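*Asks:* Sequence:
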Amino acid sequence: MAAGEVVQAKPRFIAALKHRDLRLLTIAFIVDGGASWSYNVVLIAYVFTRTQSAGWVTALVTVRWVVGVLCGGYAGVLADRYDRRLVLTVSAWIASIVTVGIAAIVWVDAPLWMLLVAAAVLTAVCTPMRPASGALIPEVVPESDLVAANALFALLESVIVVIGPGVGGVLLLMGAPVYGVLVNAASFVFAALVYNALRVRSRGSAEVGGGAFAQWMSGVRTLGQHHKALVLTVFLILDSAAANAANVLLPALSEHLHGNSVGYTLLLAANALGGVVVAGLAQKLAATKRMAVLITVAMFVQCVPLWLSVFAGSILGGAALQLLSGVGMVIVDVLAFTTLQRDLPREVLGRVLGTLDVLILTSAVLTSVLASVLYATFGLAVAFGVIGLGFPLLSLLGLPLLRRLDADVAHRAIRLEPITRTLDRLDLFAGAPRSLIEHLAESAEERTLAAGAVIIRQGDPSDALWVLEDGVLEVDAVRGDGAITALPDVEAPGYVGELGLLDRTVRSATVTAKTTCRVLRIPGEEFAAALEASVPSPSMLGRAGVRMSRTSSASPPSEPVQDPAQ
0 MAAGEVVQAK PRFIAALKHR DLRLLTIAFI VDGGASWSYN VVLIAYVFTR
50 TQSAGWVTAL VTVRWVVGVL CGGYAGVLAD RYDRRLVLTV SAWIASIVTV
100 GIAAIVWVDA PLWMLLVAAA VLTAVCTPMR PASGALIPEV VPESDLVAAN
150 ALFALLESVI VVIGPGVGGV LLLMGAPVYG VLVNAASFVF AALVYNALRV
200 RSRGSAEVGG GAFAQWMSGV RTLGQHHKAL VLTVFLILDS AAANAANVLL
250 PALSEHLHGN SVGYTLLLAA NALGGVVVAG LAQKLAATKR MAVLITVAMF
300 VQCVPLWLSV FAGSILGGAA LQLLSGVGMV IVDVLAFTTL QRDLPREVLG
350 RVLGTLDVLI LTSAVLTSVL ASVLYATFGL AVAFGVIGLG FPLLSLLGLP
400 LLRRLDADVA HRAIRLEPIT RTLDRLDLFA GAPRSLIEHL AESAEERTLA
450 AGAVIIRQGD PSDALWVLED GVLEVDAVRG DGAITALPDV EAPGYVGELG
500 LLDRTVRSAT VTAKTTCRVL RIPGEEFAAA LEASVPSPSM LGRAGVRMSR
550 TSSASPPSEP VQDPAQ
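Residues in the sequence shown are numbered consecutively from 0, following numbering that gives the first Met the number 0.
It should be emphasised that the hints constitute simulated quantities derived from the structure, not laboratory data. Predicted, not measured: the structure shown is a model, and the values here were computed from it. Take these hints with a grain of salt, some might be off.
Straight-line C-alpha distance at most 20 Å; calculated SDA-like pairs for lysine to any residue [what the hints assert, rightly or not]:
1. K227 to G397
2. K227 to A406
3. K513 to P492
4. K227 to V296
5. K17 to I29
6. K227 to K17
7. K227 to E468
8. K513 to E441
9. K227 to I359
10. K17 to A196
11. K513 to V477
12. K17 to R200
Distance ranges between label pairs, derived from CB positions [claimed, not checked]:
13. R19 to G312: 48 to 54 Å
14. A450 to A409: 21 to 27 Å
15. P522 to I13: 40 to 46 Å
16. P417 to L395: 22 to 28 Å
17. I413 to H257: 54 to 60 Å
18. L393 to V107: 42 to 48 Å
19. R22 to A412: 53 to 59 Å
20. E416 to A185: 26 to 32 Å
21. G451 to R411: 32 to 38 Å
Just so it is clear, CB atoms sit at the ideal spot from N, CA and C, and this is done for glycine as well.
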């Protein structure tokens, strides 16, 4: 295959699932996630049926969010300080015991404050499970399957959000909400047994000192220094706040539309289904240069149907509008997150996303309380009206800043276009997302080399990928018997230096400019990030195999020479 041909990378779900421990994590995720969603539906329906109060539903949801915010930082420390398999197993066993206690509370209709306390305890116990399982995934699959493994869990999460509420609805039809709680308890037992069967042993290195609050403040300062990221974060917060406020009102909406508790599960599942339906389209829209208009329009698509649901007249009409709302929500999420990843320097992205999680949970608490108060004071139409009309109108205030962001992104794309055009012609980056190609172009250093200049010496550390834009490179290697063997020349567009980076070894050949050459130097750590974000193409792996076979018997010089091109 020629260097200029591009291969369409395909998800490697099957290859990833060949790894035993990943299959176990997947099974536990499906069972536990599905049962947890059905449990949430059953518990919210139980509380609303018993009290006829959106305030109590808000209290139940809020207490779990608050505990999630407070425990999130320390949960990450636990997942980094102890064996992660042990963290998952112990958390699941304790969660099963706590859930049995919740079932007893529901069975005897104990005071609701006891249910709130038990729900808070369950959230605290489960909080370490997400960071622990997330940290285990890179340990149970090789780097080549990491992208497929993460994509698999993202897909499963979307499907679970659709199926879980449906299971909850079936359990509600059985008449006793305690069944739904007991199913969740059983799922924790099953998950604990699965986690205990994992073969992997993984432990991080939690830093001493620097608590969750300090980390959160660091993220806040980072946001303050990057205004574009701050604007996008505000839109993500509005998007999540609208969704969470609406969820608090869905039981009341179901009753208003004569759907009762089963109707609630239908509304919730329809909203999630909208996200699944539009997920592929949202990924395509992420490549647009008119982000400002699309994000703003998507906010209206998400919010306005929430208000119109009050006037739908039937539970099916309300479900259709909820599906449309889910479409808008996912578009906002995907576009804003993609733009964040494209705009922010990589070294601050993690802190910003961590801060975003805390801010989203905090906004969820506040807006859920607001929705509950509005419903209790003014009724369902006003409560949904504030959410469905107020939130998108508020988002219009950010439109000028988003348009400025569009202009900056377009200017950046134009500035990087000569380099990205070269990278796009290489099979090496087939399947890589556009944001990553632009990030590599941003990190690339352009150099012009005179004929005879050495850019790679055999035996030197592998520290960079070299991309040839113009000219010819000469390659030779010292073989085991000390003889120098000439290897095929590399012509533009081409690349050298990937072998040492792929195998984490020293340079296996010496590369010299045969003519005057124009090259790009991409740091090794940036190339490694590209491999983590996209599946290597078959032609890349085949080309690497050919090159490796040609240099496999070469031995490095005993005294590495300093590369004059560095």
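*Asks:* Which of the numbered hints above does this structure break?
*Replies:* Hint check: 6, 7, 8, 14, 15, 16, 19 and 20 fail, others pass.
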